[in-house]
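Visitor: Residue numbers (the working numbering), protein chains in the order written: chain B, 120 to 245; chain F, 74 to 202.
Please note: incorrect hints may appear among the correct ones.
[What the hints assert, rightly or not] With beta-carbon atoms standing in for the labels, derived distance ranges:
#1 F:94 to B:162: 26 to 36 Å
#2 B:242 to F:176: 45 to 55 Å
#3 B:174 to F:84: 46 to 56 Å
#4 F:165 to B:242: 41 to 51 Å
#5 F:98 to B:151: 16 to 26 Å
If you are wondering where the hints come from, they were derived from the structure by calculation, not from laboratory data. Beta carbons: idealized from backbone N, C-alpha and C, even for Gly.
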Amino acid sequence: MRSPLGRVLGLGAAKEGPGHWWSQRVTAVALVPLVLWLVYSLLALSGQDYAAVIQWLRNPLHAVLLAVFLVTMFYHSYLGLQVVIEDYLHLGWLKVAVLILLKFAHVLLVAIAVFAVLQIALGGRS
Amino acid sequence: MTQDSRPLSPHLQIYRWQITMALSILHRATGILLSLGSVFIVYWLLSLSSGEDAFARAQGLLASLPGKIFMLAWIAALFFHLANGVRHLFWDVGLGFEMPTVRRSGWAVVVVAISLTALTWWLASGVQA
Numbered sequence: 120m121r122s123p124l125g126r127v128l129g130l131g132a133a134k135e136g137p138g139h140w141w142s143q144r145v146t147a148v149a150l151v152p153l154v155l156w157l158v159y160s161l162l163a164l165s166g167q168d169y170a171a172v173i174q175w176l177r178n179p180l181h182a183v184l185l186a187v188f189l190v191t192m193f194y195h196s197y198l199g200l201q202v203v204i205e206d207y208l209h210l211g212w213l214k215v216a217v218l219i220l221l222k223f224a225h226v227l228l229v230a231i232a233v234f235a236v237l238q239i240a241l242g243g244r245s
Numbered sequence: 074m075t076q077d078s079r080p081l082s083p084h085l086q087i088y089r090w091q092i093t094m095a096l097s098i099l100h101r102a103t104g105i106l107l108s109l110g111s112v113f114i115v116y117w118l119l120s121l122s123s124g125e126d127a128f129a130r131a132q133g134l135l136a137s138l139p140g141k142i143f144m145l146a147w148i149a150a151l152f153f154h155l156a157n158g159v160r161h162l163f164w165d166v167g168l169g170f171e172m173p174t175v176r177r178s179g180w181a182v183v184v185v186a187i188s189l190t191a192l193t194w195w196l197a198s199g200v201q202a
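Could you put the whole structure together from the sequences, leaning on the hints where they help?
Guide: Here's what the structure looks like:
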């Protein structure tokens, strides 16, 4: 019984709370092993030259895991930041604008990052 | 809805700081810091895909003093957010809500985060020798 405008302005009861909560937890669980793997890999790569890093990324397993990490991380990041904005920003139009901008930024960043990974892994650039 | 300017009763200046509230806000703060740092991750990946010169520039930035400070802060934020995140996941399944456990797990998170940060930093700098 809410108008579309009311829904956009976030009026009334919480809309997709349980879904948001669940996605945040699922991405969090996935990120535990992914982050540990990432830190381990970066440590193994530190001090290596450019060619070694490229070689490492050309391994399909590494490329895929890195891509999965990036998507999961950016999704988790957006969910978290969304809650922060909703907690502190109450000016209707400003809140909506910031949330939309944040979403665009996250989508753009993950697209660029995954593209870079694929480019290296599939051997597009040097 | 408008941003009103009604007065708030003082709270931060009044209530005694405890591990519970400190870690709670730190979890949020480290999350935000990690999100900001993710922009650098993307830049680093882009430089990698752009060739050896671009990559050398990115690595140079990291090796600079502000770069090292940023890396240390980001690693510390990562390990803290990770450890406290696991603590949150236990709460999500209903475990560990007794007050003594909350405080103990809180301090454990701090110890784990500092240890992992120190270990990672030591391992990373050892390689560059």
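Visitor: Now look at each hint and say whether the structure bears it out.
Guide: Now the hints, each set against the structure:
1. At about 33 Å, the CB distance of residue 94 of chain F to residue 162 of chain B agrees with the hint of 26 to 36 Å.
2. A C-beta distance of roughly 53 Å is found between residue 242 of chain B and residue 176 of chain F, which places it inside the suggested range of 45 to 55 Å.
3. Distance hint check: the CB atoms of residue 174 of chain B and residue 84 of chain F are about 54 Å apart, consistent with the given range 46 to 56 Å.
4. Checked against the hint of 41 to 51 Å, the pair residue 165 of chain F and residue 242 of chain B passes, with Cβ atoms roughly 42 Å apart.
5. Range check, residue 98 of chain F to residue 151 of chain B: about 22 Å between beta-carbon atoms, so the 16 to 26 Å window is met.
Consistency with the previously given hints is maintained throughout, with no hint failing.
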